[in-house]
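*Asks:* Sequence order for the protein chains is A and B. If you're matching positions, the first sequence starts at 1 in the working numbering and goes up one per residue. If you're matching positions, the second sequence starts at 1001 in the working numbering and goes up one per residue.
Warning: the hint list may mix true and false statements.
Cut-off 27 angstroms, straight-line C-alpha distance, at most; resulting in silico cross-link-like pairs (DSSO-like, lysine-lysine) [unchecked claim]: (1) B:LYS1185 x B:LYS1009; (2) A:LYS185 x B:LYS1185; (3) A:LYS234 x A:LYS259; (4) A:LYS42 x B:LYS1095; (5) B:LYS1095 x A:LYS95.
If you are wondering where the hints come from, they were derived from the structure by calculation, not from laboratory data. Predicted, not measured: the structure shown is a model, and the values here were computed from it.
Number of protein chains: 2
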Amino acid sequence: MSFDRLIEKIAEKQNPTVAGLDPKLAYIPQYIKDESFAKYGKTLEGAADAILTFNKGLIDELFDIVPAIKPQCAYYEMYGWYGFKALTETIAYAKSKGMFVITDGKRNDIGTTMQAYAAAHLGTTDIDGTEVEAIGGDALTVNGYLGTDGISPLLDICKNGDKGIFVLVKTSNPSSGELQNLEFKGGETVYQRVGTMCEEWGKELPGKYGYSGVGAVVGATYPEMLTELRGELKTTFFLVPGYGAQGGGAKDCEGAFDKNGIGAVVNSSRGIMCAWQKVDGLDPEDYAKAARNEAIRMRDDLRNVIGEMKLG
Amino acid sequence: MSFDRLIEKIAEKQNPTVAGLDPKLAYIPQYIKDESFAKYGKTLEGAADAILTFNKGLIDELFDIVPAIKPQCAYYEMYGWYGFKALTETIAYAKSKGMFVITDGKRNDIGTTMQAYAAAHLGTTDIDGTEVEAIGGDALTVNGYLGTDGISPLLDICKNGDKGIFVLVKTSNPSSGELQNLEFKGGETVYQRVGTMCEEWGKELPGKYGYSGVGAVVGATYPEMLTELRGELKTTFFLVPGYGAQGGGAKDCEGAFDKNGIGAVVNSSRGIMCAWQKVDGLDPEDYAKAARNEAIRMRDDLRNVIGEMKLG
């Protein structure tokens, strides 16, 4: 009912990184794609097969040093239901290796529908009396635009399991301020309001390291706001996108962490997945080793700024 | 690049209804489930098989009188990738019957990721030079919290096809006001601001009946706001949830329509799907006929209030 398990994995590996698995075909070595296309043709099935092979290779090289993965649903849905199957199999494989899985779906809806999303992504589905796990992640990103009754069904599921959610607060993209930075009459901004809602919702899911099971997505591309929000949202754990390809560096992430060096997990997707494309003369079969090297570089980069991660 | 096709179907059938297909197992007659469970067991595969049978039966009875369906992704994802396959097959079947398909996914993300969602739900996916349709809806519901660069990739895809999006403006749920009704310094509310953004985004996708390809979701449960927004957002077509099970009636929807009786499509999910459960002594095999009867009742209920739907 909190992010305790994620925080423990971060402390154990002394690495506050989550590897984003957003496997566009353009990021996958040609030899993998060729093998899959030989079996299934240039089809959705072929693409999904290549994605799963690519992901498993990455997970094999990352699981001992990186605590978590974050598959982005969009990059699986674009390969149809075959892609959704590859998403589910990727999640199962990462969990079998002991990784924490954050499903990046940014789901949102009214209460009755959020019950379905909660069952799908964090709980189990009742099939005429038999409970079955449909997708099986450990945490889900969600959008809070619909308010409390779009969040409550997730809290109910998280209470009964070892799960959590990350609510979009201040996103990493260039136009995030169009709505999120606007000020209400009292001077509070939209992102500050949603942040405060996270603190409120989090009271239902307390954790033993001071952070609840309701986290917030706050981009590394807006470091001042990251620092400000860390100061305001004492019990809200952060998922920080924007490191690497989106322009954020370790210094930009520093504000997300507390004095014990915990309080956030920093995502890198393209930086890790596409590392192999940036090494001159690399054998593409070593793509996962290149990802591992980049993950180690990133870990050390963050460690230099944050210091040791201590459990309270 | 607009909702012209949807508007023409509405005028042709003189029916501004979209049938929400949110097939929880509890809504499906036992005889359908028993047949599927006999083949596949009480599994995700069995559930997905029952859903598809149920949906096809509904579509067969609705396609000549209802212009559109709106499958809600959550109710497919809760049955895993088998459910996602049933979603895709439901969409294909409805399209083969000439229906307009609004995929209710409320997707949202940063620009690069929205390219993937746009390809998945409204466009095609490039598989090493071969373009393949992954899911195949006509329109997608989206959440505008991330601002313009989370919407632009959808506009680009819609420009090149006959597609559109519906952005959440004022949602139908009880707590929608927690964020959406808050007032900015100038007096504008969050939902009004997002509505104005829809008008701006819509300029890229003009339609011949006065409505762009960027629509807005506005709930029938807040009829005053529906009327207010119709007045303000002249070129924004509305998707109106909340009729029926959520408590809205035809009178509550009236404000969504213009003087020609167009401007909106009204959703009913449980009202139509579960109609069979409300008829005493009904043979469950007549579930789809009960849905048809309810769809006719709803059409006439709306027509009584709106009058004739005229194309300009």
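*Asks:* Each hint should be assessed against the structure and marked as holding or not.
*Replies:* Right, here's what the structure says about each hint:
1. Restraint check for B:LYS1185 and B:LYS1009: the C-alpha separation of about 42 angstroms exceeds 27 angstroms, so the hint is violated.
2. A hinted pair counts as satisfied when its Cα atoms are at most 27 angstroms apart, and A:LYS185 with B:LYS1185 qualifies at roughly 4 angstroms.
3. The hinted pair formed by A:LYS234 and A:LYS259 meets the criterion: a straight-line CA distance of about 12 angstroms does not exceed 27 angstroms.
4. Taking the CA atoms of A:LYS42 and B:LYS1095, the gap is near 24 angstroms; set against the 27 angstroms cutoff, the hint holds.
5. The suggested pairing of B:LYS1095 with A:LYS95 is violated, with an alpha-carbon distance near 38 angstroms, which exceeds 27 angstroms.
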